[in-house]
Each structure stands twice: as C-alpha cells, then as structure tokens.
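K.L.:
Single-letter residue listing:
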Amino acid sequence: MSKKILIVDDEPNIVMSLEYAFKKKEFEVFIARDGTEALEIAGNELPNIILLDIMMPKMDGYETLKQIRKNKNLDKTKVVFLSAKNKMADVEKGMQLGADSYVTKPFSVKKVITDIEEMIA
Amino acid sequence: MSNYALILIIVAYLAFLFFLAYWAERKHRGRLVNNPYIYVLSLAVYCTAWTYYGSVGVASKSGISFLAIYLGPVIAMPLWIVLMRKIIRISKQHKISSIADFISMRYGNNRPLGALVTLTCLLAIIPYISLQLKAVSETFAIVSRGDSYTAMGIFDDSTFYIALLIAIFVAFFGTQSTDASLGKRGIMATVALESLLKLVFFLAIGVFVVYFIFNGTTDVYESALLTKNFEKLTSLGGLENGFNWMFTILLSFFAIFLLPRQFHVAVVENQNINHLKKAIWLFPLYLLIFNVFVIFIAWAGNIRLTATVNHDYYSLLLPIQEGNSFLALLVFMGGFSAVISMIVVSTLALSTMVSNNIIIPYGFIKKLVEGNPEENAKNIKNIRRIAIFLLIIVAYFFYILYSNQLSLFSIGLISFVIISQLAPSFFLGLFWRRGTAKAAKAGMAVGLLVVMYTLLLPIIVNVVSPQTQLTSSNVFGFWWLQPSQVFGVDYLTPESNAFLWSISFNTLAFVGLSLMAKGNYRERNYAEMFVHNENYENLQEGAFVWKGEAYVADIRRLLNRFLGETRTERALTIFNRKYNISEQEEKADARLINFSEKLLTGSIGSASAKILLASVSKEKPISLVEVLHILEESKETKATNKLLLEKSEELSQMASQLQSANQELLFQDKQKDEFLDTVAHELKTPITSIKAASEVLEDDEMPPELRKQFLMNISKDTDRLGKLIHNILDLEKLSSSRTELKIRNGKINKTVKKAINGIERIAAQRKIHVVFEESDYLEGMYDEDRILQVLTNLLSNSLKFTEEEKGIITIVLEEKEQEIAVVVEDNGRGIPEEDHSYIFEKFYQSKNQNIKKPQGSGFGLAICKQIVESHSGSIWADKNVPNGARLVFTIPKTT
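Here the protein sequences line up with chains A and H, keeping their order.
So in the working numbering the end of the first sequence lands on 122, straight run, no missing numbers.
So in the working numbering the end of the second sequence lands on 1261, straight run, no missing numbers.
Hints are not guaranteed to be accurate.
[Stated by the list, open to error] Simulated crosslink set (DSS-like; lysine-lysine; CA at most 30 Å straight-line):
1. A:Lys88 with H:Lys1082
2. H:Lys1074 with A:Lys111
3. H:Lys1050 with A:Lys5
4. A:Lys59 with H:Lys1036
5. H:Lys1119 with H:Lys1082
6. H:Lys1082 with H:Lys1133
7. H:Lys1050 with A:Lys24
8. H:Lys1057 with A:Lys88
9. H:Lys1036 with A:Lys67
10. A:Lys79 with H:Lys1057
11. A:Lys111 with H:Lys1057
12. H:Lys1057 with A:Lys4
13. A:Lys26 with H:Lys1082
14. H:Lys1082 with A:Lys24
15. H:Lys1166 with A:Lys59
16. H:Lys1074 with A:Lys5
17. A:Lys24 with H:Lys1074
18. A:Lys5 with H:Lys1057
19. H:Lys1074 with A:Lys112
20. A:Lys26 with H:Lys1057
21. A:Lys59 with H:Lys1172
22. A:Lys59 with H:Lys1050
23. A:Lys67 with A:Lys24
24. H:Lys1050 with A:Lys67
25. H:Lys1182 with H:Lys1259
26. A:Lys59 with H:Lys1089
27. H:Lys804 with H:Lys458
28. H:Lys1245 with H:Lys1116
Read the hints as simulated data drawn from the structure, not as lab findings.
Small disclaimer: the values here were computed from a predicted structure and weren't measured.
Based on the provided sequences and hints, a complete structural model is requested.
P.N.:
Given below as structure tokens:
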C-alpha cells in the first residue's frame, strides 16, 4: 500500500515541486493551503506523513500541530515542519510541540525525500 | 442728675460689657469677632480720656498744637505695612506676649532687661492710669453736679468702686488662658465697641456745639475771632515752637509702637497679618474724624464758658450749660468708655509683663518648678490677677495723692516721654545687629535718669515744696544743668526738653556701648533672628541658636509642670512627627530646646522659660565664629537643599526620559529584529520555490508541459525576489532621506487618474468598483512619481482587502487651508483596532508573527509614510469608520 503524505503550505510553487517529487516516489499526495484545511484532510485521510509550513494564513503551523496531536487516530502520523523560520527558538518550539523533524527553508527536495523515507521505513 | 442714677447707669454699662466679652469669648472663631474692623477699632484704644477731654483743653489754651499727638501715628501708619508686619511676624514666631518680652528676647532673653522694660512701662503707665481715673472722677462730679452728696473718703468714692469693677473685669477675661500670647477676643470686642461709642458720642457733642449752639463752623469761627488771644490759638508759633511740634510728633510716633497697650492690641492681639492693610488707612481716618470738632468745641467753650472752669471738660460743660443733660450723659459715657478701654488693655498688658518679667523669673520660678501642672496654671493666673488688682489700686492711690497737680495733657505727655526710652533698643534692635543687652539696659537707664531729672524732679519739687524754684536757680552751681532748660535751650516745653535730652543720651549710650563691646552668642543669635527675620521664617524652631546637652525626659518633666500631661504629650508628638524624630530619642536637640522654650514663653515669659530650660540642660557657649558659621551654613544648607532638590528632580525627570527612550529603543530594536525576520522570510520563500523547482527539473522524464510550468514558476519567483529587494532598498533610501524629490506643481486629479489606470485591470478582474470624485482645479506641489507610488500602494491594499464583486473603492480630494487631502476609502474588512497606531511603522508586522499577511511584505504603508512625510504632509487611518478602511494623506497645495 502506498504511503499517504499531506503537504501543507500556502506557497503554490513550492507545493507544486514537492507534489511532483513525492508522486514520483509513489506517495499518495494530499495538499492543503492552510491549517484548517490541513486538519480536515488529515482527519479524513490519516496520512503517514505531514509536511507543515509554519507561517500560513488563518491558522499557523504550531497551532495545526497541536490540533493534530489531539487526534488519537493520527498517533502514528509523522509531522515534519518546513519553515523559513530558522532560529533555534523556533526549531525548539516546533520539536516540543511534538514534531518529528524540522527542516528549514530553503531546503533540498532530494534530502527531504530521503529523510522521510528513512523515517517511515 | 443724681449720682445714684449715674452709678446705676455705669454698673449697667459695665454689666453689658461683661456680657459682650463673654459672648465674644465664646464666639472667638466667628467672623464678627475676627475681622479687620475689630482690629482697627481696638487700635483706637490710643484715644484715651486725654484725647477725649484733654485735647479740647489744649486747643482752648494753645490752639492746634494738640494735633501733634495724632500726627505721629498718622505718619507711622504707612510704615506699619513694613515695620509692624516684621514685628508681628517675630512676635508670633516667638510667642511674645508683651513689649518687655519682645525687647528682652531681642537681646538674648535677658532677664534684667525684661524687668527694666517692665519697670519703665510701670513708671510711664501707672500715672497714666490714675489720670484716667481722675478723668472719671472729675467728669462724674460734673455730670452729677447739683446733687448734695459728695465723697468723703475712699470707700464711699465711686471712682474706687469703678476701678475695682474694671480690675475684676480684666482679671476675669484677661486670665482665661495661662498662655499670655493667645488673643483675648472678649476683651478686644469690648474695646472695639468702646472705641466706636467714644467716637460717636464725641461727634455728637461736636455736632451739637457747632450746629445747635452755633450756626455752623463759620459762626463759631467768627465768634471766636472776638475772643482775646485768638491770634495765638491759630498760629503755629514760629521756628522754636516748630521744634516742640516736631518732638511731640516724634513722641507720639514712638508711642503708637511702644505703649504697652498699643503693642498689645496691635501685635499680641493681631489675628491675621492682613488686617494691617485695612488698619493703615482706616486708623488714620478714625483719628482724623475724632479731631474734626475739637477746635470748635474749644472755641465755643472759650466763648460761652467762664475762664475759671477746667478747660478739659468743655465738652461736658457746654451741654450742661445748655440744659441738655442727656447729651452730657452721652459725653460722659463716651469718656468713660475711653477710660475703661485704656485701663483694661493697659493693666492687661502690664500685668502680663509684671508677672512674666518680674514676679515669675525673680521670685516664683523655684516654686513653679516644684509644683504640679494644675497648681502651676492656677499660680500663674493668680499672679497675674494679683498684679492686675495691685496695678489698679496703686494707680488709684497715685490719683488720690498726686494727680491734682497735673492736667490730663501733661501726664499723658510725661508718660509718652518715659515710654519713648524703649525706642532706641526697640527700633534699632529691629534693624541693627550690633545692639547688645548691656547697651540696651544702659541706654534705658540713662534715658530714665535724664527724664527724672529734667521732668519729674521739677514736678516732685513743686509738689513737695511749691516755694522752691528749681527753674530760676543754678542747680549744683551749673547754669546748664537747669532741669527744664538743659544747656540753656530755653524755648522748649518741659516735655520736649526732657524728650530731646533723654532720647539723645539714651541713643548715645546704646549705640556707643553696642559698638564698644559685642554681645554674647545668645544675643547675637537673637539679633540675627530678629533683624533678618525673613530668612528664618522656615527655620526649624530656630534650631541653630543652641548648643549643649539635654535629655528629653527632663524636658518632658518640665513641660508637664506647666502644660499638663495631655498638652505636653500632644505638643511633643506633633514636634516628633514634624521633624521625623523617633519617640525613643533620649537626647534633646536644639530644636526641642527652642520648641519647649517657645511653649513655656507664652505661660511664664521668655526670661523664665530660658531659666527653666537652662536648669535641665547643659548649654555650651558658641563662639562668634561658630555662630556665624552656623548661620551661614543654615543659609547655605537651605540654598543647597533647594538646589539639590531641583537637581534631583531634574535627574529623576531625565531618568524617566531615559527610561522611556530606552523602552522606545528596545521596542524599535525588537521591531527591527522582527523586520529582518520578515525580510528574511519573504526572501527565502521565492528562493525555496526556485531551488525546489530546479531540483525537480533534473528529472528527465518530466513531461514538457509540466517542465514549462516549472520554468515559468522560477521566472515569476525571481521577479518577486527582485521586487522585494527593490522595495527594501527604496524604504531604506527614503528613510535616510537620500532620495531627492522632484517636486513640481501638478494637478492632483491627473495623478489620481494615472494611479487608477494602473490598477484598473486587476480591479476589473476582481469586479471591484473604483469611484473617483474628480476636482480638476486642485493643484499641489509634489513629486508625481512618488505620490503615484503612494496612491498605487493604497489602492492595491484596498483591492487586496475587499471582497470580489462586492468591493467599492472611493477616492475623494478635499481642499484644506494649505493642503490637499486625498482620501482612499473602501468597504473591505478594515484595519484591526490593535494595529491602528502601528500600520505605518517601518518595521511593523502584525502582532501574531506566524499568521501570514495575505500578500506583500508589510513595507507598503511604511514607504507611503516616508514619501508623504518627505512632502511635509501626513498620512493616517481614520478610526471613525463603521466598516472598511479610510486612509487619508495630505500634500501641500500650490499657493
């Protein structure tokens, strides 16, 4: 069974590249443009992986993660932050909230894919 | 009129005065009792029976020279505003209760000096009181004339009983409080009333004489022209008489300050220093009115009455002769009022002086120290009461024995001459620091001796053996020692002669001795405090004048004796609180010593207070250098303190300014950090996009359509990057004013249209309405490119925040006095309230940094602000709009 991945970011160009790369690796890709949309899709699809941007309209990444962690069905879901916020404080905050990894922008698509494959292996 | 009826009237009048005094004492805080008019009227205690009757006598014999006695006070009054103000301030500060206290305090609380001043006053005033009694007795006889009964001895002499009643009155109302420096409102109210009555009744007789006996002033004058000696009565009498005038004026000038009763009403009874302002014009007016009719009554008496009657009583004899006994009674009551008020205030003042400056310090101090508070208060009051009775009785006997030989006028003047011996030490002491106690005593003594020799000796000799003629023989063989013509000056009246020589020798002795030897430190301290009174008004209890060792417990015990425990505790608590001194403090400091001395001064006089405090403390002498040092220090400390206070206020102000500046900086710093974060974030987003796309493009299997899409994305993101960088640089340039504006005259209408053109395509896409209310004539001074940038920015913001299809953007131009306001209004979602004041800040991003702005980097409005402000305009968001946003900016109008 193919792995499900949810990409949450409001920058369509970035999403487009990630979508192409993961589809190529046989992932089933879902896309959300903000936190609220992400929670809805995650609840329905129970993805293995969520790539989460922090600065988004409506609901930010931190808040979205908190909500995700409240959902028991998403216990096994790995959450990886993808953010331009690269200060130590931001990274720590993300990890404390229960993220599994934190990738700072600009990132390498190839590296993100290998990391994630390792994570769910 | 029967003398029983007259006695009845007198008793009724006295009873009324008792009642009035009692009432006023109870209402002592009321406005009726505490007003400047009461103060002014009580000053009129100056006008005694001497004025009331004697002036007429003088006027009838020697013309207008009686006026000299009133010119002194009239001249003195304007000076009061300075002089009396100073005297009153000093007196209130030191709780002074009499002129003896004042002078002895000035010379370092000198006990013998206080006693000497008291003795001088006694010498001057007791004959003066007996003169008043004489006036009562004689007028009583005149008014009750025709009745068969005449007094045979003291105990059936009505004057004796009147004197006793007055003594009871003073003893009762004058000793209500042991603190003699407190006002006696009851007595003052009666004095004021009496002053009013004597004026009214005297005017009544004046009017009666001039307008009823005669037909107005002209008639009196014309009739008087026919009497002999009239010429003499209306002239001033040449240069020699001019000296007499001058000396008499000077005498009365001194008297208005120095007479114990004047000092009492003017200083001790002063409730409010501002009452002086009324007094300086109202009191001279009172004197003027009082003297209007004197000369006419005198002339009328000379015309109508036989030469053998006593000229002093013309004002009584005239109505009696005319058969108007009611008016005679009124005149008598007026004179009686003058007598009572004079005796009451004089004995009050003298008894305080006698008890505080002679009896207590010289006899009773030991007893008082041993006694308990109630007994002490009782003793002090009793001492004063006994003094009051003694004074009046002595005065009464003086009257019985001696006063027959003298007229009202001469005793009055003698008393003035004696009292004027206080003048050098009093007046010079106020302004000259050098004056010493020794010099004051010597001056006074010399002056008194001269007065006795030149004035009293001839009188006494005359009384003892009328045959001896001192005036014509050469005393001790020296012609120039002849008492009434010292150094052969033969044109002066006996009083002027005595005054001239006594005051000269007095002043010489005072000044000479003061210059020869300096006083001790205590004298110098008080001199400084009196002379430069204004410097020490705020001084803590005159703290610098004492150095030594004392214990609070001893002082407490001492105060207990005189004030009682409750008052002592209260006073000490107030003292401790005022100066922030711990209750546990054992050693007394200078302030406490001075404070206690002042507390006691009111009760037992300054001299005794000093002795008592000396008994419980070890005072150490302070050297002159030390005193001057302390004085300077105290002045400097005050100045320095003030300076320090100002400085510290300045500093704390600066500190708070710094703090807010620092906060502002911190805030700006934080904003700058946040701004840089935002910039970094904004830059990273397109870079991430470009990097990701480039990586994906490495895939050779990508369909060409998709590849094309990715390449387009890269291109767009590159544009976005470029624009971002341009904006940041633009803002930086604007804020550091490195860009030069190309300001030209232009039609704002045209510029707005250009801006609308620029966004028209997007607006059409989103189906948003753009409305522009054109005003073609408006011209402004601006850089068109820049203002276009502002307009475009505002318009795109509005486009961003309004809903598709429903949005309406309105642009309005408003003409102001010197500028044009451009209003861009929309019906979008508006500006959150908390952001209102920050949206134009350069580094501002909305509070929640993780929520992304819909678009843009957040410098748009900051750039607008920079541009508008470099045009000397302003930009703001209107808060008072129900929905949507309303942004306004101004540019200068072409003039």
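K.L.:
For every hint, state whether the structure bears it out.
P.N.:
Now the hints, each set against the structure:
1. A:Lys88 with H:Lys1082: holds (28 Å)
2. H:Lys1074 with A:Lys111: holds (21 Å)
3. H:Lys1050 with A:Lys5: holds (27 Å)
4. A:Lys59 with H:Lys1036: Judged against 30 Å, a Cα distance of about 24 Å means the pair holds.
5. H:Lys1119 with H:Lys1082: The given pair, whose Cα atoms are some 28 Å apart, holds under the 30 Å limit.
6. H:Lys1082 with H:Lys1133: holds (25 Å)
7. H:Lys1050 with A:Lys24: holds (25 Å)
8. H:Lys1057 with A:Lys88: holds (21 Å)
9. H:Lys1036 with A:Lys67: holds (27 Å)
10. A:Lys79 with H:Lys1057: Distance ~24 Å between Lys79 of chain A and Lys1057 of chain H Cα, so the pair holds.
11. A:Lys111 with H:Lys1057: Distance ~11 Å between Lys111 of chain A and Lys1057 of chain H Cα, so the pair holds.
12. H:Lys1057 with A:Lys4: holds (25 Å)
13. A:Lys26 with H:Lys1082: holds (27 Å)
14. H:Lys1082 with A:Lys24: holds (24 Å)
15. H:Lys1166 with A:Lys59: Holds, at about 16 Å.
16. H:Lys1074 with A:Lys5: holds (27 Å)
17. A:Lys24 with H:Lys1074: holds (18 Å)
18. A:Lys5 with H:Lys1057: Holds, at about 24 Å.
19. H:Lys1074 with A:Lys112: holds (24 Å)
20. A:Lys26 with H:Lys1057: holds (19 Å)
21. A:Lys59 with H:Lys1172: holds (22 Å)
22. A:Lys59 with H:Lys1050: holds (21 Å)
23. A:Lys67 with A:Lys24: It holds: about 27 Å lies between the C-alpha atoms, which stays within 30 Å.
24. H:Lys1050 with A:Lys67: The hint holds at about 25 Å.
25. H:Lys1182 with H:Lys1259: holds (8 Å)
26. A:Lys59 with H:Lys1089: holds (26 Å)
27. H:Lys804 with H:Lys458: Holds. Lys804 of chain H to Lys458 of chain H sits at ~25 Å (cutoff 30 Å).
28. H:Lys1245 with H:Lys1116: Distance ~28 Å between Lys1245 of chain H and Lys1116 of chain H Cα, so the pair holds.
The earlier numbered hints are all upheld by this structure, with none contradicted.
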